[in-house]
Amino acid sequence: MPELPEVEVVRRGVARWVVERTVEDVEVVDPRSLRRYTDGPEDFRRELTGLTVVDACRRGKFLWLPVRAADGSEPSRALLVHLGMSGQLLVSSPEHPRPRHERIRLELSPALDESGQPLPEQLRFVDQRIFGGMLLDRLVPASDGHGTVPEHAVHIARDPLDPLFDVAAFHAALRRRRTGLKRALLDQGLISGIGNIYADEALWAARLHWAAPTETMTAPRTYTLVAACQEVMRRALDAGGTSFDSLYVNVNGESGYFSRSLNAYGRAGQPCPRCEAGGDDGVIVRERFANRSSYRCSRCQRRPRRFRP
DNA sequence: CCTGCTGCCTGCAAGC
DNA sequence: TGCTTGCAGGCAGCAG
Numbered sequence: 001m002p003e004l005p006e007v008e009v010v011r012r013g014v015a016r017w018v019v020e021r022t023v024e025d026v027e028v029v030d031p032r033s034l035r036r037y038t039d040g041p042e043d044f045r046r047e048l049t050g051l052t053v054v055d056a057c058r059r060g061k062f063l064w065l066p067v068r069a070a071d072g073s074e075p076s077r078a079l080l081v082h083l084g085m086s087g088q089l090l091v092s093s094p095e096h097p098r099p100r101h102e103r104i105r106l107e108l109s110p111a112l113d114e115s116g117q118p119l120p121e122q123l124r125f126v127d128q129r130i131f132g133g134m135l136l137d138r139l140v141p142a143s144d145g146h147g148t149v150p151e152h153a154v155h156i157a158r159d160p161l162d163p164l165f166d167v168a169a170f171h172a173a174l175r176r177r178r179t180g181l182k183r184a185l186l187d188q189g190l191i192s193g194i195g196n197i198y199a200d201e202a203l204w205a206a207r208l209h210w211a212a213p214t215e216t217m218t219a220p221r222t223y224t225l226v227a228a229c230q231e232v233m234r235r236a237l238d239a240g241g242t243s244f245d246s247l248y249v250n251v252n253g254e255s256g257y258f259s260r261s262l263n264a265y266g267r268a269g270q271p272c273p274r275c276e277a278g279g280d281d282g283v284i285v286r287e288r289f290a291n292r293s294s295y296r297c298s299r300c301q302r303r304p305r306r307f308r309p
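Counting with the UniProt record's numbering, you get residues 1 to 309 for the letters of the first sequence.
Keep in mind the hints are simulated off the structure, nothing from the lab.
A quick note: this is a predicted structure, and the numbers were derived from the prediction, not measured.
Virtual Cβ for every residue (Gly too), placed ideally from N, Cα, C.
Mixed in with the good hints there might be a few duds.
Between beta-carbon pairs, the in silico distance windows are [stated by the list, open to error]: (1) Ser-115 - Arg-303: 18 to 28 Å; (2) Arg-176 - Pro-118: 49 to 59 Å; (3) Pro-94 - Asp-238: 50 to 60 Å; (4) Glu-27 - Ser-76: 41 to 51 Å; (5) Gly-145 - Ser-73: 32 to 42 Å; (6) Arg-129 - Glu-27: 16 to 26 Å.
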């Protein structure tokens with residue numbers, strides 16, 4: 001499941017291998033990957049063909065490639081990509097067999113790498129579960145006035161690794177909410193890039209309970225929580241960034257995910273890595289939350305007096 | 001406006 | 001063995 005660090009790894013791969021290349025053709029293998037996005041596969045193909053990728057941008061888990069027309073004008077549109085649960089972007093050669101779940105394929109103009117070798121000429125969107133998708137979208141001014149964002153991502157908040165992320169504003173917004181802490185962390189309009197795994201990891205690192213009411217958060221606690229989010233994601237990014245050589249591992253969004261080490265998520269019944277010396281307390285427990293699982297330490301993430309599930 | 005629930009998807013694992 | 005059920009999860013859309 002790609003979260004922010006995985007998407008950032010993909011963004012870097014796209015920046016390196018795809019920017020400055022022109023889309024020469026498009027094959028929509030499965031139109032469901034354009035779900036509620038365009039006027040249909042034919043329109044998508046017609047509009048995208050001939051455009052040149054000029055950049056690779058990201059906000060939270062949304063990735064977009066601003067494109068310019070052949071006349072060289074400033075980009076007014078972008079190819080917006082969301083990897084959903086199982087999406088991958090692969091840069092590969094035409095002779096490479098079609099992956100089982102390939103949904104969209106772009107033919108790219110020829111290009112050479114740093115050592116003069118020809119680069120693969122296809123960008124493939126592979127997505128087993130079709131929770132992700134693509135869209136050719138209009139670029140609009142960001143809601144805080146800094147830069148542009150695709151129209152379908154304008155409601156997404158800045159993520160904690162964004163230099164323009166505003167902790168004080170996040171704290172104020174958190175205090176206005178009437179919900180539990182984990183729901184707030186998963187709300188991409190409040191803070192973006194955090195999914196179920198990193199929410200649990202960040203809450204564990206900050207020693208906070210998932211059901212703590214947001215309106216009771218103090219500024220120091222919010223700062224601790226944001227720092228924990230940044231720490232957890234930066235560590236995953238460092239791990240994912242190390243296996244950056246192969247084209248495949250590079251642009252497929254998996255490297256960070258499989259090499260991350262987890263302290264709480266998925267560790268039900270195991271001793272808490274922080275307070276394992278403590279006996280039967282200090283154990284990771286699994287609890288149901290909003291039709292999914294939450295993992296926390298029974299000792300260092302105590303249930304709050306007030307409880308917002 | 002705010003909050004929280006449902007449905008979209010596929011493949012795997014567990015249970016009968 | 002072969003079926004059914006549950007689980008994984010981000011996010012758009014919608015109900016209250």
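Hints, verified against the model:
1. Range check, Ser-115 to Arg-303: Cβ separation about 58 Å, and the 18 to 28 Å hint is violated.
2. Arg-176 and Pro-118 have their C-beta atoms about 54 Å apart, which keeps the hinted 49 to 59 Å range intact.
3. The hinted window of 50 to 60 Å between Pro-94 and Asp-238 is violated, with their beta carbons roughly 34 Å apart.
4. As the Cβ distance of Glu-27 to Ser-76 is approximately 25 Å, the hint placing it in 41 to 51 Å is violated.
5. A beta carbon spacing of about 23 Å between Gly-145 and Ser-73 contradicts the range 32 to 42 Å that was offered as a hint.
6. Our hint of 16 to 26 Å for Arg-129 and Glu-27 holds, since their Cβ atoms are close to 20 Å apart.
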